[in-house]
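Sequential numbering of the sequence shown, starting at 1, is according to our numbering.
One or more of the hints may lead you astray.
Unchecked claim - Across the chosen pairs, the derived CB separations fall in these ranges: (1) Tyr70 - Asn188: 26 to 36 Å; (2) Lys138 - Glu174: 18 to 28 Å; (3) Asn69 - Gly190: 34 to 44 Å; (4) Ile160 - Ala59: 30 to 40 Å; (5) Tyr191 - Lys68: 34 to 44 Å; (6) Glu163 - Gln58: 29 to 39 Å; (7) Gln143 - Lys102: 17 to 27 Å; (8) Glu63 - Ile160: 31 to 41 Å; (9) Met97 - Asn162: 18 to 28 Å; (10) Lys138 - Gln81: 15 to 25 Å; (11) Gly190 - Glu135: 33 to 43 Å.
Stated by the list, open to error - Think about it this way: if two alpha-carbon atoms lie no more than 30 Å apart in a straight line, the pair counts; the simulated BS3-like pairs of lysine-lysine are: (12) Lys68 - Lys127; (13) Lys138 - Lys173; (14) Lys127 - Lys84; (15) Lys68 - Lys101; (16) Lys127 - Lys65; (17) Lys79 - Lys68; (18) Lys68 - Lys138; (19) Lys65 - Lys84; (20) Lys159 - Lys138; (21) Lys152 - Lys173; (22) Lys102 - Lys138; (23) Lys127 - Lys159; (24) Lys102 - Lys76; (25) Lys101 - Lys152; (26) Lys175 - Lys76.
Derived from the structure by calculation, the hints contain no laboratory data. Where is the CB? At the ideal position from N, CA and C, for every residue including glycine.
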Amino acid sequence: MHKKLSKVIKATIIEIIVAFLLVVFSVIIIDVALGQKKEIAVTLINTMSLDKEEVINQAPVLEGKVIKNYPEYGSKYAKIQIPKIGVNLDVYYGDTMEILKKGVGHSSGSYFPGEGGSIVYMGHNSKKVFRRFGEIEKGDFIQINTDYGEFKYQVYDMKIVNEMDLDALPIQKEKEMLMVYTCYPFQNIGYTTQRYVVYAERIEEEEE
Numbered sequence: 001m002h003k004k005l006s007k008v009i010k011a012t013i014i015e016i017i018v019a020f021l022l023v024v025f026s027v028i029i030i031d032v033a034l035g036q037k038k039e040i041a042v043t044l045i046n047t048m049s050l051d052k053e054e055v056i057n058q059a060p061v062l063e064g065k066v067i068k069n070y071p072e073y074g075s076k077y078a079k080i081q082i083p084k085i086g087v088n089l090d091v092y093y094g095d096t097m098e099i100l101k102k103g104v105g106h107s108s109g110s111y112f113p114g115e116g117g118s119i120v121y122m123g124h125n126s127k128k129v130f131r132r133f134g135e136i137e138k139g140d141f142i143q144i145n146t147d148y149g150e151f152k153y154q155v156y157d158m159k160i161v162n163e164m165d166l167d168a169l170p171i172q173k174e175k176e177m178l179m180v181y182t183c184y185p186f187q188n189i190g191y192t193t194q195r196y197v198v199y200a201e202r203i204e205e206e207e208e
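Take these sequences, add in the hints, and give me the full structure.
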């Protein structure tokens, strides 16, 4: 009886050990399989992320009057220089309050420099931006240096307009014109209902 009981106990222990080894072996196989899947998934994610980043960081290119790879909304893509009043500021694509805190905004409803249409820029009437706008005169120059080229404009008019006067900023594609505006009066702090708009048309510089 004692020997029979010992055999049963040994058989049970062996079965437990075998079962344990099978479980461990199965876990290892599953872990290896999942690990491979994880590596594949991570690789795919990294690949997709890389492709997206490459598209976003790809510089704009002007082909004829069409821009390929437009700047991402909210990104800086140009500099505006107005020598007459010492302006040399970054230009960002978009016109939100956050963008205007950083520099000059470009209305998303207007064209880009080089596309042959209306371009609308805006900025605060602060000392660091357009406080001296009233000093600009007809014949003065505005230079826009973008990631894809340099464009020069000559001022032909200035106006004080109401903020609701949409006709004061006509969007068209018959000729390339730059319209830059700020709040008026220039010394006013806070919200105003008037805008001071400077109008300039593109001029082609002679090649040397």
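Hints and how they fare:
At roughly 34 Å, the beta carbons of Tyr70 and Asn188 sit within the given window of 26 to 36 Å. Between Lys138 and Glu174 the beta carbon distance is about 21 Å. The supplied range of 18 to 28 Å therefore holds. The hinted window of 34 to 44 Å between Asn69 and Gly190 holds, with their beta carbons roughly 39 Å apart. Remark: the range hint 30 to 40 Å for Ile160 to Ala59 is upheld by a beta-carbon distance near 38 Å.
Our hint of 34 to 44 Å for Tyr191 and Lys68 holds, since their Cβ atoms are close to 39 Å apart. Checked against the hint of 29 to 39 Å, the pair Glu163 and Gln58 passes, with Cβ atoms roughly 36 Å apart. At about 20 Å, the CB distance of Gln143 to Lys102 agrees with the hint of 17 to 27 Å. Distance hint for Glu63 and Ile160: a CB-CB separation of about 38 Å, consistent with the stated range 31 to 41 Å.
Hint check: Met97 to Asn162, Cβ distance near 21 Å, so the stated range 18 to 28 Å holds. Judged by the Cβ atoms, the range 15 to 25 Å given for Lys138 and Gln81 holds: they are separated by roughly 18 Å. For Gly190 paired with Glu135, a C-beta distance near 23 Å fails the hint of 33 to 43 Å. The suggested pairing of Lys68 with Lys127 is violated, with an alpha-carbon distance near 35 Å, which exceeds 30 Å.
Of the supplied pair hints, the one linking Lys138 and Lys173 holds, its CA atoms being roughly 23 Å apart against a limit of 30 Å. At most 30 Å may separate the alpha-carbon atoms for a hinted pair to count; Lys127 and Lys84 meet this at roughly 15 Å. Between Lys68 and Lys101 the alpha-carbon distance is near 28 Å, which keeps this suggested pair within the 30 Å criterion. In summary, the hint linking Lys127 to Lys65 is not supported, as the alpha carbons are separated by about 35 Å, beyond the 30 Å threshold.
The hinted pair formed by Lys79 and Lys68 meets the criterion: a straight-line CA distance of about 19 Å does not exceed 30 Å. With a CA separation close to 33 Å, the supplied pair Lys68 and Lys138 exceeds the 30 Å bound. Proximity of Lys65 to Lys84 is assessed by CA-CA distance (about 29 Å); at most 30 Å being required, the pair is judged to hold. Taking the CA atoms of Lys159 and Lys138, the gap is near 11 Å; set against the 30 Å cutoff, the hint holds.
Between Lys152 and Lys173, the direct Cα distance comes to roughly 17 Å. Compliance with the 30 Å bound is thereby established for this hinted pair. This hinted pair checks out: Lys102 and Lys138 have alpha carbons roughly 28 Å apart, not beyond 30 Å. Using a Cα cut-off of 30 Å, the hinted pair Lys127 and Lys159 holds, with the two alpha carbons roughly 20 Å apart. The hinted pair formed by Lys102 and Lys76 meets the criterion: a straight-line CA distance of about 10 Å does not exceed 30 Å.
Distance restraint check for Lys101 and Lys152: the Cα-Cα separation of roughly 25 Å lies within the 30 Å cut-off, and the hinted pair is therefore satisfied. For the hint linking Lys175 to Lys76, the alpha-carbon distance of about 25 Å falls within 30 Å, and the restraint holds.
Violated hints, in rising order: 11, 12, 16, 18; the structure is consistent with all others.
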